[in-house]
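Taken in order, these protein sequences are the chains called A and B. Here the first sequence is numbered in our numbering, starting from 1 and rising by one per residue. Here the second sequence is numbered in our numbering, starting from 1001 and rising by one per residue.
Read the hints as simulated data drawn from the structure, not as lab findings. Ideal Cβ placement from N, Cα and C applies to all residues, glycine included. Hints should not be assumed to be uniformly reliable.
20 Å max Cα-Cα, derived EDC-like pairs, lysine to aspartate or glutamate [claimed, not checked]:
1. B/Lys1063 to B/Asp1116
2. A/Lys99 to B/Glu1127
3. A/Lys69 to B/Glu1136
4. A/Lys69 to B/Asp1102
5. A/Lys116 to A/Glu382
6. B/Lys1107 to B/Asp1123
7. B/Lys1063 to A/Glu385
Short derived list, chain A residues pointing at chain B, Cβ under 7 Å [stated by the list, open to error]:
8. Ile465
9. Val474
10. Glu477
11. Gly524
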Amino acid sequence: MAAAKKGRRSSGSQGYPGRALAVILIALVAMTGGMFLSGDTTPRLGIDLAGGVSITLTAKPNQGSAVTKANMNTAVNIISNRVNGLGVSEAEVQTEGSKNIIVNIPKGTNAEQAQKQVGTTAQLFFRQVLAVDNGVPAATPTPTPSGSATPSGTPSGTPSSTPTGTATPKSTATPTGSATSTVQNRPVSGALASGVNKAPTPLPTTPPATDPNATNPSTSSGDLSVPADLQAKFTALDCSNDKQRNAITDGSAQDKGKKVIACGQEGGIWQKYVLGPSLIDGKRVSGANAAFDTQQGNGWVVNLNFDSSGAGQFTKVTGDLSSQAEPNNRFAIDLDGVVQSAPSVHSALTGGSAQISGGFKQNEAEDLANVLKYGSLPLAFEPSETTTVSAALGGEQLRGGLIAGAVGLALVVAYMFAYYRGLSFVAIASLMTSAALTYTIMCLLGRAIGFALNLPAVAGAIVAIGITADSFIVFFERIRDELREGRSLQPAVARGWPRARRTILVSDFVSFLAAAVLYVVTVGKVRGFAFTLGLTTVLDVAVVFLFTMPLMTILARRKFFAQGHKWSGLDPKSLGVKAPLRRVRRTHSTETKEA
Amino acid sequence: MSKLGTLGHRLHRGEVSYDFVGKRKLWYGVSILITLAAIIGLAVNGLKLGIEFSGGAVFTTPKTSVSVSQAQDKISGDTAGHHATIQKLGTGGLRIQVSDIDTATSKQVQQKISADLNIPSKDINAEIVGPSWGKEISKKALQGLIIFLVLVVIYLAIAFEWRMAVAALVALLHDITITTGVYAIVGFEVSPGTVIGLLTILGYSLYDTVVVFDGLKEATRGITKQNQKTFSDVANRSLNGTLVRSINTTVVALLPVAALLFIGGGILGAGVLNDIALALFVGLTAGAYSSIFIATPIVADLKEREPQMQALRKRVLAKRASDAQKAKEAEARGEDPEAADDDADPQDGEEATASAAAGVVAPRGQGAARSSRTQPGSRGRGGRSRPSGKRR
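Throw the hints in and build the complete structure from the sequences for me.
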């Protein structure tokens, strides 16, 4: 258990009290320094205390999913996870009327980024590429591929590898880009693979060239033909034109059961695609994270993990695709109608994970991973209004609360002094250290993970005063009891500490357990509470071990305390210390006799 | 030194003590009454859910010079008995959210707001808003809570014993019920803040109980190795020994909350703060009270049912009877009763005190010497002297 480890550490600090003090002071100085360096000298405050930005999203009617109450509630949950995944950012999401969603985000958040995050539908599909062409048709109709990317002209009839064994060589002699450099055994290498493979693969000249009987019957992708109307749209499509692009990403154009046309950028150049029906749904994605790809040099990528059924589908689909010809062996990762990347597949990919590489910047990759992790919205939304909102808790109220808090703290100090006299110096110094640590960490976490302090958190911090002070009180009472037994101060501290330590660890463990369980299981504000509770509990233990105990050990050597000065709080007379030795021995002997 | 200071050492030496365990029936009664009152309050009044849980209406005004606090004053009383949250928008207008009202009521409230703020009613935009604290959050929070409670019972059963786990759980439910009841009776609206306040209390209640139990566990180690005290006696001594710690901690924890409640709420009128401060004040008080008056007596009750403890009780009673007999005889013979009776009477003097003083207070010198002697023997007895309770 953690207790054992901490116990060991503490016995070290008991031996070298100065060292432990140095550790915590250095930590404090370092964090304060970090706080000033980053410029975040106050904690980020929640909407209730500082106001923030309010974004109103309006649902657009989407193909197949009506704007219903159920859909709106699902959307609220997903958006709330996106903006408050860690539970500490204190963002609020609620429905307004029948088709609006209000997202309130605390002050200091990048509103533009937040808007992108909440508004992204994040419908993710994996589709087979049926055809691909340069996204800007006007420039050079079909540029001759240069260099190594020259179409080799070899019919890509690799019949053997199809799982089902129906080895139908394809009738379409699609040239294979010889430069395709997808590295095997990597899940999917996206943009790079398709980027190197920049040679715009010539479109099958006659649209129905890949007629039904020519398609590979063993593939799940089914027929590879491009219907005439879609072909016409495809030919006309200019991906560099925003309007055209928006038209094809809008609602009905992106039916997952149909063939669609889509745009995507590869290495900064627009490409257009004809895509088959969805082979794997983004719902099968169970996790996503952003990572920097050093091995492939893809820069920032998003790694996807599939759930078990998704993983099975992915293996099958990639197996099927790998046996097909370019460009049909490529699959497109279609996010909200935009092709993020379209890597080629050369063998079945097992392991249930895929990678999206689209020349992302770090924050883009992180946003995308975050959005994918919490699933797609059942509805498409567009931001209809963005405005600032003031704090819900008026300035006077907050001031009133702060004054009351200060008075309360002063009372605590007064009480401690009245009861513990000189010892209260240790208690107050420990409380201040604890407060300073909490404050700096909260400031630093504001930037790091979007931690925002709201009113309940402030209330939690106030209760934490009691729990933190309790550790000192337990310790002091132990010491005083040892003194009552007739011990002098130094041995009293040395003997009282292990017992106080056990009490502190046992009870703090319960608090920490509460924090850990609630943090893992819950969402939203409860999660934020669990975070604060865990933080204050850990700090309590750290301060008692690294500050209170060493300080007490050092002070026990001072005459003022060791000789029990009237004002030290350890005055033998007021503690009722008698010289109990003889008494004890007698009791002791009678008792063993009886036992 | 203060009175409390001398109380500390008098408690330590057993010169003063309160029979918490012996008078448990009285305190059980008190607690049952309070809990019942809380439950009745809850049943009659119900809990008023805030806008975060129940949704409500939002009114948006055009640009106005009225400030948030002015608006708060003006519209108070006109929101159909519900709490209004007011925010100033970037456009200069106000966003007024009123919890738990339907479309019809929202029309009336719209009229009143329009009159209060002197803004034409047609310029005020009214919409129904959904909850920001959805069912999902509540469901997950409840799940987390149940998992935590199961784990904490397991932890307490391992670190202490199952009887203490049960007692801690009872004390916890006691505290939570009372706090929720106070909410229903006072009629405060339940906001995320109060839910979180409740969770804070839950943590504190368990924390405090565990600190008290830690002392109890230490005090009752090797208890079957003597025949002067029953489990209840020892438990009571332990409680009195930790009393100073309990009082000091409770005072320190309550002072800031009380300041928030009485100064912040009472004098400065910090509305929302009041809700949280009240929940915390009631909860912390209940938490400290229940650890001493409920949890420990329950443990004693349960322990006394254990065969070993019953045997101990028999031995103790027999010893006391025989000592009384001896004393009587001695008196009859005209001797000094003190001489024969010195170590027998648990209420008498220091030996008894020192042998049982416990908890945070632990008589090191003699206690340690004794326990080191008795420990090997007591190992085999019952589940109480676990190896995990190592002496340092």
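Right, here's what the structure says about each hint:
no.: 1; hint: B/Lys1063 to B/Asp1116; in the structure: holds, 15 Å
no.: 2; hint: A/Lys99 to B/Glu1127; in the structure: holds, 11 Å
no.: 3; hint: A/Lys69 to B/Glu1136; in the structure: holds, 15 Å
no.: 4; hint: A/Lys69 to B/Asp1102; in the structure: holds, 16 Å
no.: 5; hint: A/Lys116 to A/Glu382; in the structure: holds, 10 Å
no.: 6; hint: B/Lys1107 to B/Asp1123; in the structure: holds, 13 Å
no.: 7; hint: B/Lys1063 to A/Glu385; in the structure: holds, 16 Å
no.: 8; hint: Ile465; in the structure: holds, 6 Å
no.: 9; hint: Val474; in the structure: holds, 6 Å
no.: 10; hint: Glu477; in the structure: holds, 5 Å
no.: 11; hint: Gly524; in the structure: holds, 4 Å
When the structure is compared with the earlier hints, no violation turns up for any of them.
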